[in-house]
Structures are given as C-alpha cells and as structure tokens.
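Chain order of the listed sequences is A and B.
In case it helps, this note's numbering puts the first sequence at residues 1 to 418.
In case it helps, this note's numbering puts the second sequence at residues 1 to 227.
Since the hints were derived computationally from the structure, they do not count as laboratory data.
A hint or two may mislead.
[Said to hold, decoys possible] DSSO-like cross-link-like pairs, simulated, lysine-lysine; straight-line CA separation at most 30 Å:
id, chain 1, residue 1, chain 2, residue 2
1, A, Lys335, A, Lys87
2, B, Lys57, A, Lys405
3, B, Lys74, B, Lys84
4, A, Lys335, B, Lys209
5, A, Lys87, A, Lys252
6, B, Lys74, A, Lys335
7, B, Lys31, B, Lys137
8, B, Lys187, B, Lys117
9, A, Lys335, B, Lys116
10, A, Lys405, B, Lys116
11, A, Lys335, B, Lys84
12, B, Lys117, A, Lys335
13, A, Lys16, A, Lys367
14, B, Lys187, A, Lys405
15, A, Lys294, A, Lys405
16, B, Lys84, B, Lys209
17, A, Lys16, B, Lys137
18, B, Lys74, A, Lys260
[Stated by the list, open to error] Below, a sample of chain A positions facing chain B; criterion: calculated Cβ distance under 8 Å:
id, residue
19, Gly142
20, Arg143
21, Gly146
22, Ala147
23, Met288
24, Glu290
25, Arg322
26, Thr323
27, Leu328
28, Lys335
29, Arg338
30, Gly341
31, Ile412
Quick reminder that beta carbons are idealized off the backbone N, C-alpha and C, glycines included.
These are the residues of each chain, in order.
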Amino acid sequence: MLGNIQQAFQGIWHHKLRSFLTMLGIIIGIAAIITIVSTIKGTNDQIKENLIGSGNNVVVVSLHQGDYQMDFSDGQKPEEISVISEKTRQSLETLEGVSAVSLFHQRQWNAQVYYRGTEYNGYTLGVDEYYFPVYGYRLCYGRSFGAEDRSGNRKVAILDTQAVSSLFPGENAVGKTLEIQGEPYTVIGVVERSSKFRPVIETIQDYYTFANESSGSVFLTEQGWEISFGFDEPQNVAVKAESTDAMTAAGKAVADSLTKSQIRDPKNSAYSYKSADLLQQAEQLQSMSESTNKLLIWIAAISLLVGGIGVMNIMLVSVSERTHEIGLKKALGAKRRRILGQFLTEASVLTSLGGLLGILGGIGLAKLLSSAMNTPTAISVPAIVVAAAFSMLIGLIFGLLPAVKAARMNPIDALRRD
Amino acid sequence: MILTMENICKSYYRGKNEVPVLHDICLSVNKGDYLAIMGPSGSGKSTLMNIIGCLDKPSSGVYRLEGEDIAARKDNALAELRNKYIGFIFQSFYLMPSMSAVENVALPLMYAGVPKKERMERAREALRGVGLGERMKFLPNQLSGGQCQRVAIARAMAGHPALLLADEPTGALDTASGEQIMDLFDKINDAGSTIIMITHEPSIAARAKTVCHIRDGRLSVPGEEVQ
C-alpha cells in the first residue's frame with residue numbers, strides 16, 4: 001500500500017504538467033465549494049451574531065395585543081394588566097434556562113426628547129439596575145445610576161454613544177441638559193455595548209433590525225421615567241438566557257409565566273406576553289441565504305463530475321501507456337487485485353492532491369473575496385474534511401474503470417505490443 | 001518430470017476463420033534439462049513459449065507443469081503458478097525503470113508474499129549470483145544491456161523456480177554480452193536449474209544440451225521423426 005502511494009507520487013511527478021491539468025477540474029470544483037461554504041458560514045455566523053447580539057443571549061418579552069406589540073405612547077394602559085413587581089422579577093429568574101431578568105419601559109417614537117430645539121429620534125428607556133449588566137453595556141465616561149438617583153427621583157439620564165453622536169456631535173455630553181416630555185434631565189454618563197456590531201443587510205427585516213440597533217438610546221431610571229411618562233405602565237422584560245440554545249425556551253417560559261400572573265383572565269384576554277424569537281428569525285434569514293448558495297454548490301458539483309471524467313480519461317491513457325509494465329507484473333505473478341490496487345491508488349492520490357490544492361485555493365479565494373467585497377467568510381472545518389474525503393472518493397470512483405481494465409489485461413497481449 | 005505436453009494444439013480466430021498455430025505438440029522436460037527451441041518467425045515458437053509459461057492456454061491437449069494440469073486454472077491461479085514455477089527472461093529485459101536493480105529482482109518475491117526483509121536479502125543474493133553484487137542500487141538506465149539482462153536473470157532466479165523460460169535472451173545484445181549471458185546460462189544449468197530457451201540463432205541454440213526445431217507449428221524433437 002505504502003509502496004503503491006510512493007509509486008503514485010513518482011508517476012504524478014514524472015508527468016507534472018499532465019497531472020496538474022488533470023487535477024485542475026478537481027481543484028476548481030473543490031475550491032469553488034470551499035469558497036461557497038465559507039461564504040455561507042460567514043454570512044450565517046454574522047446574521048446569528050447580529051440578531052442575537054454577540055453572545056449576550058438576551059431575548060425581549062413584551063406585552064402584545066393580538067399579534068402586535070403594545071405601544072404605550074398614546075398614554076392608554078389596559079386595566080386588566082398589572083405592573084410586574086420585584087418579587088415577580090425574582091421568581092422569573094428561577095425559571096429554567098434563565099440567568100437574569102431586567103424590567104424596562106421603552107418608547108421608540110414620540111418620546112419628545114430635545115436638546116436646544118433639536119429633536120432626538122431613537123429609543124428612550126426607563127431601566128432598572130439590572131438592565132446594563134443584562135445587555136452587556138459598559139460605562140465609557142461619566143457615572144452610572146446610583147441608589148440616590150433612584151430613591152431621590154433625580155432627573156438624570158445616561159446616553160449611549162450613538163445618541164451622543166446624534167445629539168452632541170464632537171461635544172462632551174456629560175453635564176448637558178435634555179428636555180424629555182417638557183422635563184429637564186441632566187446627562188450623567190455615556191455607555192456603549194461591549195460587543196461591536198456590523199450587520200449584513202440583505203432583507204427588509206435586516207434593515208429594521210439594523211435601523212433599530214443603530215439609532216441611539218437615552219436611558220432614564222424607572223423613577224425618572226415615571227416623571228415624564230407616567231405611572232403603572234406595564235414593563236418589557238429583557239431575559240438573559242443561560243446559553244444561545246436556551247434563548248427560545250427561556251423567552252417562552254417567561255412569556256407564559258407573565259401571561260398567567262399579570263393578565264387578569266388570560267384565556268379570554270386580547271393581551272398576552274410574547275417573546276421576540278431572534279433565534280428563529282436568524283434561522284429564517286440563514287435559510288434564505290443558504291438556499292441561493294446551495295444552487296451554486298450544485299454547479300460546483302458538476303465541475304467535480306467533469307473533473308472526475310478527466311481523471312478517468314487520463315487514467316485510461318496511463319493504463320495503455322503502461323501495457324508493458326502491467327504485462328510484466330502479471331507475468332511475474334501479480335494477481336488482479338494488486339494491479340487494481342495500484343491504479344486505484346494512483347487515481348485517488350491524484351484526486352486527493354487535487355482536492356488538497358483545491359482546499360488551499362478555496363481558503364485563499366474566500367479570504368480574497370472577504371477582503372475585496374467586504375463579505376464575511378468563515379472557514380468550515382467539517383467542509384474541509386468532507387471535501388478531502390470526497391476528492392479521494394472521486395479518484396476511487398473514476399479510477400475504477402481504468403483500474404479494472406488494467407487488471408483484466410491479458411499478459412500476452414500486454415507483452416507482445418511494442 | 002517438470003513438464004509434459006500431450007497433443008497440444010492452439011488456434012486463433014481471425015474473424016470467423018480458424019488459424020491453426022500449433023499442431024499436436026508433444027514434449028517432456030526433465031529436471032536439469034537445457035532445451036533450445038529454434039524456429040523462424042511465424043513458426044509458432046512464441047505461442048509455444050506463452051503456453052509453456054502459462055501466459056496462454058492450449059486449445060486442446062494436456063499440459064502439466066510440476067504435475068498440475070493448467071487447463072482448469074483461471075487468471076489469478078495462473079499468476080500464482082507462474083510466480084511459483086517459472087522464471088521469465090525476455091529479449092528486451094522488461095525491468096521497471098523507476099526501480100533499482102535489487103528492487104526489480106525482489107518484485108516476484110513480493111507477489112509471492114515474502115516479507116520485505118527476507119526478499120531484499122534473497123534479491124541481493126541472486127544479484128551476487130549473476131555477478132552484479134556491486135550494482136544493487138543502480139537504476140536500469142545506469143546499466144548496460146548485458147547487465148540489465150543479468151538483473152532480469154537474477155529476477156527470474158530469485159524465487160527458485162522449477163523452470164527458467166528465456167525468450168531470445170541475447171536478441172537485444174551485442175555478441176560479447178550475448179556470450180557472457182550464455183556462459184551464465186551454462187553455469188546456472190550446471191548448478192541444476194532447468195532452462196528452456198527460444199531463439200532463432202543457431203549459434204545460441206548450439207549452447208543448449210538439446211535443440212528442438214519448430215516449423216509451421218510442428219515440433220521436431222531429436223530422435224523422433226518430423227511429422
């Protein structure tokens with residue numbers, strides 16, 4: 001076996017150009033598949049990362065009327081729904097798969113936030129002390145909310161970096177005063193998400209996800225929020241799951257528990273708590289990008305088929321060139337299996353080498369593509385293993401016919417031919 | 001008795017026409033014999049050699065090699081038989097160009113399943129036996145024609161076959177090298193090996209102990225009437 005492999009390498013080296021041209025089909029096919037798979041994986045990883053928020057594993061549970069998320073900007077609060085208490089929040093943290101829970105209020109539009117006559121468009125949130133750790137915010141400068149800010153009902157605000165850049169471009173935000181619903185709030189600090197965010201925008205959903213995330217946020221304390229936006233507004237819940245895989249289940253568990261405990265007569269109510277299933281959204285987006293790319297894989301597979309036929313052709317040439325060698329070996333007592341093994345080894349060494357070059361080429365191409373066209377790529381190790389095994393298999397399949405032909409050769413015909 | 005042939009006939013088909021090549025060949029070879037088969041081209045001597053060498057099967061008649069009837073044997077079984085009983089020596093040597101002398105000699109031993117260490121040792125011994133002990137690692141293209149043929153003889157001898165079958169062994173060599181090969185054959189035969197040699201040169205055939213003539217597919221063995 002080892003001798004066969006060594007001999008195969010000698011043969012390939014002896015016919016360098018011919019071997020390379022024969023391998024070319026396999027090289028191109030494998031390189032194309034590796035590139036495509038890397039692009040799919042890169043895009044998928046990025047979609048997932050973007051939607052899910054880079055490993056924060058946070059899923060938002062909010063009050064819905066029918067299928068629509070409740071928006072309290074008109075000031076109406078349904079009577080049958082009670083505000084979530086601290087005790088309930090603690091009990092939610094004990095649910096399976098849940099690691100932390102934060103309660104917050106939120107306005108996206110009509111929040112009426114101004115700085116010197118400039119209206120601010122973005123999120124305005126009233127958050128409890130768990131919100132920043134749950135979402136993974138870190139303080140850039142200034143200070144965070146303290147216990148006195150809450151107990152003293154101080155009108156203080158914290159901005160994230162996006163809000164700062166739209167409200168105070170190039171200025172120090174700390175110390176500035178914002179007007180929210182007519183009330184003045186002093187900016188005490190600036191925060192940012194510890195994980196960076198670079199979205200791919202392929203669909204309208206991506207756009208909304210991106211637009212939401214890229215507009216800034218102004219944070220108030222719960223107490224500060226109540227001054228501007230009123231009391232007794234049902235909160236949204238940010239649920240941090242123990243792992244990415246637990247997100248869906250944790251979100252659902254919290255939503256079900258809240259629907260039961262917060263809504264009077266939940267069975268007949270139009271209201272319910274629902275979790276935004278980001279994982280599912282991510283999967284939908286992924287399957288969309290995959291289905292287009294899978295088509296490309298089929299095209300690459302055709303190139304592999306053509307490559308395989310090329311290998312078969314060259315192996316047939318090689319068999320007839322080496323008639324004497326085969327005849328001699330048979331005369332000296334080589335059985336069919338040995339001749340078969342020799343040519344199968346040669347074919348699969350040839351295609352494996354082609355596969356290896358194709359893998360290297362594919363990785364190179366994927367890197368080139370990602371830097372030239374700014375698309376994300378991720379090298380998939382299973383794809384490389386499968387590609388290597390598959391290229392070897394191509395050699396075995398397309399080498400079979402020539403090898404059988406060689407093994408069945410009649411030694412007299414083989415020795416006679418000159 | 002190493003081999004016996006009884007009424008061996010061989011015909012080929014050219015289209016629908018049957019072309020007879022060998023007619024009723026009867027031959028027996030004993031251990032230690034040194035037999036030359038002479039004949040012009042087209043006489044059927046290559047066909048006879050192929051049958052003796054178990055490369056081809058007769059159309060009719062019985063051929064026994066070391067007591068074994070080859071008629072029922074299939075491709076793989078014939079390969080085994082050749083490996084065990086016959087050492088081939090060809091006109092154009094047929095050495096593997098990418099293998100060294102000693103690797104070429106070890107090749108039939110590999111097919112016989114001899115472990116690597118032992119077959120290399122036996123191959124070296126066989127090469128020393130033909131006077132090439134100094135050129136074990138040489139490739140065929142680094143050796144002269146006479147030396148190549150001696151490597152081929154060592155290869156034929158390495159498995160200690162019952163029969164050495166030489167097809168025009170000096171055909172591709174100059175006279176001096178041819179002489180050396182024939183001297184080597186004498187030496188091998190004196191040591192007890194059985195040799196059958198096919199040639200069309202009378203001077204070469206004369207070196208054998210017995211000379212048979214083949215003409216138009218009929219073999220004449222000395223002491224018997226030409227049919």
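#### Entry: Residue hint A:Ala147, partner chain B, criterion CB-CB below 8 Å
At about 83 Å, which exceeds the 8 Å cut-off, the nearest Cβ of chain B leaves the hint on A:Ala147 violated.
### Hint consistency between B:Lys31 and B:Lys137 [alpha-carbon to alpha-carbon, up to 30 Å]
33 Å, violated
### Query
Would the pair B:Lys57 and A:Lys405 pass a check requiring their Cα atoms to be no farther apart than 30 Å?
The hint holds at about 21 Å.
### Interface restraint verdict for A:Thr323 against chain B (beta-carbon cut-off 8 Å)
Where the cut-off is 8 Å and the nearest Cβ of chain B is about 11 Å from A:Thr323, the hint is violated.
### Message
Need the status of pair B:Lys84, B:Lys209: alpha-carbon distance at most 30 Å?
### Response
25 Å, holds
### 30 Å limit on alpha-carbon distance, applied to hinted pair A:Lys335 and B:Lys209
Roughly 35 Å separates the two Cα atoms, so the pair is violated.
### Query
Can we keep the A:Gly146 interface hint, with Cβ of chain B closer than 8 Å?
With a closest approach of 82 Å, the A:Gly146 hint is violated.
### Query
Holds or violated: A:Lys335 with A:Lys87, Cα cutoff 30 Å?
83 Å, violated
### Query
Given the hinted pair A:Lys405 and B:Lys116, is their alpha-carbon gap at most 30 Å?
29 Å, holds
### Query
Can the hint on A:Ile412 be confirmed by a CB-to-CB distance to chain B that is less than 8 Å?
5 Å, holds
### Task
Would you mind confirming whether the straight-line C-alpha gap from A:Lys335 to B:Lys84 stays at or under 30 Å?
13 Å, holds
### Task
Given the hint that A:Lys335 pairs with B:Lys116, test it: the Cα-Cα distance must not exceed 30 Å.
18 Å, holds
Violated hints, in rising order: 1, 4, 7, 14, 15, 18, 19, 20, 21, 22, 23, 24, 25, 26 and 30; the structure is consistent with all others.
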